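Make the full structure from the sequences, and use the hints.
Chain by chain, the residues run as shown.
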Amino acid sequence: MYCLLQVLLQKNGVSNGTLYKKTFIEHFEQAPMYVAVFTFVGFAVGTIFGYLRDFMRAWGLEKRNIAAEREQQKDFVPLYQDFENFYTRNLYLRIRDNWNRPICSVPGPQFDLMERVTDDYNWTFRFTGRTIKNVINMGSYNYLGFAETDVNALKTVTIELEKYGTGVCSTRQEMGTLDKHVELEKLVATFLGVEDAMVFGMGFATNSMNIPALVGKGCLILSDELNHTSLVLGARLSGATIRIFKHNNMQSLEKLLRDAIVYGQPRTHRAWRKIIILVEGIYSMEGSIVRLPEIVSLKNKYKAYLYLDEAHSIGAVGATGRGVVEYFGMSPDDVDVLMGTFTKSFGAAGGYIAGKKGLVDFLRTHSHSAVYATSMCPAVAEQIIRAMKCLMGLDGTTQGLQRVRQLEKNTRYFRRKLHEMGFIIYGNDDSPVVPLLLYMPGKIGAFARRMLEKNIGVVVVGFPATPITESRARFCVSAAHTREMLDTVLNALDELGDFLHLKYSRYSKSSHPELYEESRLELED
Amino acid sequence: ACKTEGILILWIIRLLFSKTYKLQERSDLTLKEKEELIEEWQPEPLVPPVPKDHPALNYNIVSGPPTHIITVNGKECINFASFNFLGLLNNEKVKSAAQASLKKYGVGTCGPRGFYGTFDVHLELEERLAKFMRTEEAIIYSYGFATIASAIPAYSKRGDIVFVDEAACFAIQKGLQASRSNIKLFKHNDMADLERLLKEQETEDQKNPRKARVTRRFIVVEGLYMNTGDICPLPELIKLKYKYKVRIFLEESLSFGVLGEHGRGITEHFGINIDDIDLISANMENSLASIGGFCCGRSFIIDHQRLSGQGYCFSASLPPLLAAAAIEALNIMEDSPDIFQTLRAKCERIHKALQGISGLKVVGESFSPALHLQLEESCGSRENDVKLLKRVVDYCMNSGIALTQARYLEKEEKCLPPPSIRVVITVEQTEQELDKAASLLKEAAQSVLN
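Protein sequence lines correspond, in order, to chains V and H. Mapping of the first sequence onto our numbering: residues -7 to 517, in sequence order. Mapping of the second sequence onto our numbering: residues -19 to 430, in sequence order.
Derived from the structure by calculation, the hints contain no laboratory data. Predicted model, so just to flag it, every value in this text is computed and none were measured. From the three backbone atoms N, C-alpha and C, an ideal C-beta is built for every residue, glycine too. Just so you know, not all the hints are guaranteed correct.
Covered, in the sense of this in silico footprint (three residues per stretch, anywhere, with C-beta under 8 Å from a C-beta of chain V), are these stretches of chain H [claimed, not checked]:
| id | stretch |
| --- | --- |
| 1 | 15 to 22 |
| 2 | 174 to 182 |
| 3 | 355 to 361 |
Derived DSS-like pairs: lysine-lysine, alpha-carbon spacing no greater than 30 Å straight-line [as the list claims (entries may be wrong)]:
| id | chain 1 | residue 1 | chain 2 | residue 2 |
| --- | --- | --- | --- | --- |
| 4 | V | LYS247 | V | LYS178 |
| 5 | H | LYS32 | V | LYS178 |
| 6 | H | LYS83 | V | LYS125 |
| 7 | H | LYS84 | V | LYS147 |
In structure tokens, the structure reads:
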């Protein structure tokens, strides 16, 4: 019942030989029992009131604010099942003002929110016309701070936008391959240290349109429990068999691999054509980093292929921002398919797949996106090129490296302080995604609203994106955050944590001094 | 009596302690056998090798913007291949709107719509699209392909029935695959075939009325088909809709900004009340010369996608500069509605001029800006047809007209269209250029096919 703080220190490195070159510390502390009880009570109360409200609406005692079907189509089969929407109508709707908040400035470390009020308990919103200025942004995926409007920084993007316009109006295989795309692909390949790369216009679509090209019927996909929707959709569209292994759990993965090879396909026992493992670099809801060295050794032993989705980790981890491959000191040849997106660390849009030339040539000819979907906008491609050049130092400055280091510093500082304050934080100590557990449904709304009153914009997530008892607030640390901004946020969190009783952790700084050695946490400059 | 009870108790105890019978087909292998199997197993290579002369590997590289005069593989040509119907790709006003947006917002949005990725430009674009199409609400996606591929599975689930035209584009096919519903294909534009399928479904329903009451039905059609260049008979579809109680999803990627007096698409072309169509989906990558897509319709229908459209909830939102460009493009469409008539006149002109080329036939309506030129007689295999058409295309490219073949994924398409050359008409092409293209194609066909 009482949890263990899952600290995987040197013990991990020793048992697997020298697989891990540095300590791999991840936390998944479980809250005390009373928290789980109160969470369920909270949901139960919400559900009872939901039924009550539905009853009152059905009997006309309360206004029906929902849009309704057309009169002429009343006898059609109903489009939505009433029950499906129960959660949306009665629980999500109460706190829906915390999502879809519109902004009207660049999503940098601070942004301007449009003030939104509701007169009818979140059924409809209206804008007052005022903007809330300089709200500290802890929600946007701006890890390296490339979401900026500095005129010098965007000089080349402005020129390319003037030259190329905004659209492309054709697919890659027809008339849509511009010289900009070729330039970008060469640069991505150089950045990652692989033979070739191909870029696509949308990160989500990169997964959902390329996994079906790589695997098909008769293949096996081993996918992590907490993989992103785009990976799940791509796996389903491929027609291959999907088996799930527990999150980041190597024993579970090895068992699945052994069983798959030994027993073959279900019923016919034919051998599988190929086995592919789908993992992500950093998991955005947990903040955990994939155990890449162990997975690579497993994949080499059992002859499987590895597909690594670095949507959040490219640019955000690693000594020079090359992602988890660099973070673990491994070579990019260890991973068969390197996939990533440009939305998060590069402040643009789109995705890429990189690897051996044979792989990329195959995707150029067989990817769904290359044949049927429009290619990337050239101005967006230029933004990626300039951000990547900055990271690689090709623009003649050390700005790129400074950003990566600043992000590392900010991440460590932020996480350490939150641990000290006594919050339950999930994830790896080096991951810039910081989930702070709230658990109870009532606290989700209260937390987000009060933080906004203090001029800080946070992201809260609940069911169904997370398990029902583990609602959380998720912070995305950025290299553009200054120490003052982080301190402002931390002070606000401290205050709010006391007010809402969010400091569930039973392990504060003093009880485990060996975990918080000052010397290991501060980076040498 | 005591004895039988005693025996019964002993039997129960025996059952409790005996091994349960596992209904597994596999017998337990020894560790050594397992290790041997693992040793022996050889997977296929991750990807099969691609031949160097694969047509898709030798693609055209465009230097500079793909505008009216396009530089393909180093040669300057007149562009008859990019879907830039209204010529807005190079429009100064659109570009300056995008520049202004770039200065204010930067490039990317760094988040999905739910997490601070909603900008005021997105809201404005949605409002403007809804007003332009005269519907209640619109929702925008950041990628054209993902629009219809996310919209269909948001409404149609396992067990529902979708009647779809054979010539539906690949994005629709992927949306249908993701929805896991029962798909029933009807012959292209054949209303009698569709009615037959609907009648069959009706008799099925009568056998099981309880199931029929919860099975949703949809018809998915395109306004202007990408693969065949003709339009769907919308008035008949509306009649079938009310007769058999089926909802209609209309995909208007090619017809938005092309058909209709003001460019509102096929509903305006036929004069149909837009509320009769449940959902209209289109991408902004053709007439609006931007990136992304949108769905519009009544709030009752569109609002559902804000929580269940996968491409909307789980993907970063459209970069604001592209949204601003789309708004400006919409402004231009509203201010000068005569461009649609001009476009249609040019389409008619070239459609007529391309008739009678020996060896090639024109496929598509006379007012469609995206035509196909197919071989009148196939030379046996698809591969050879493709090679022959490539020679025609190369002849034209060398003489200054940029054309492309329509590309498909041969193994993935449900109903693979025959190989063809795509001819795209834009408002920017002058009459001389249209005539030049037509005569060049005649020449090319003469020299290559005879």
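Inset, instruction - Provide an ascending list of the numbers of those earlier hints which the structure does not satisfy. - result: As far as the earlier hints go, 2, 3, 4 are violated by this structure, in ascending order.
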